[in-house]
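S.K.: Sequence:
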Amino acid sequence: MAYLDDVEKELRLLLKGTLGRIDKETDYQYTNELEVMTDNAVKLFREKLLESFKNGAQAARNQMHKRNQNKQKSKASK
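Residues in the sequence shown are numbered consecutively from 593, following my numbering.
In short, the hints are calculated from the structure, not lab data.
Treat the hints with care, since some could be wrong.
[Claimed, not checked] Below, in silico cross-link-like pairs of lysine to aspartate or glutamate (EDC-like), each with a Cα-Cα straight-line distance of 16 Å or less:
#	residue 1	residue 2
1	K601	E639
2	K601	E643
3	K601	E625
4	K635	E600
[To be verified] Label pairs and their computed distance ranges (CB to CB):
#	residue 1	residue 2	range
5	D631	A594	36 to 46 Å
6	E600	G648	15 to 25 Å
7	K640	N660	45 to 55 Å
For every residue, glycine included, the Cβ atom is placed at its ideal position computed from N, Cα and C.
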């Protein structure tokens with residue numbers, strides 16, 4: 593989770609810098625909308641990254657299970 597927190601922090605800093613430049617040129621409501629979009633983007637990014645980690649972990653578990661089954665089959669056939 594620390595990795596996700598670091599990524600989120602960097603993404604927010606990047607977007608905050610962009611928002612800071614936009615804020616000088618636009619009105620308050622538009623800036624608030626951008627902050628909401630930033631929050632939504634960070635949330636979606638975090639969810640997709642977690643999903644990716646979970647899928648990778650599940651694939652690794654499946655591969656280990658299949659490898660163990662093959663070992664058991666080869667032992668049983670000897």
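S.K.: Against each hint, give a clear statement of whether it holds in the structure.
M.R.: Hints, one by one, checked against the model:
1. Restraint check for K601 and E639: the C-alpha separation of about 15 Å stays at or below 16 Å, so the hint holds.
2. Restraint check for K601 and E643: not satisfied, since their Cα atoms lie roughly 19 Å apart, outside the 16 Å limit.
3. Restraint check for K601 and E625: not satisfied, since their Cα atoms lie roughly 19 Å apart, outside the 16 Å limit.
4. Between K635 and E600 the CA atoms are separated by roughly 9 Å; this keeps the pair inside 16 Å, and the hint holds.
5. Checked against the given bound of 36 to 46 Å, the beta carbons of D631 and A594, roughly 21 Å apart, lie outside it.
6. The given range of 15 to 25 Å is respected by E600 and G648, whose C-beta atoms sit roughly 19 Å from each other.
7. A hinted range of 45 to 55 Å for the beta carbons of K640 and N660 is inconsistent with their spacing of about 30 Å.
Against the hints set out earlier in the document, violations occur for numbers 2, 3, 5, 7.
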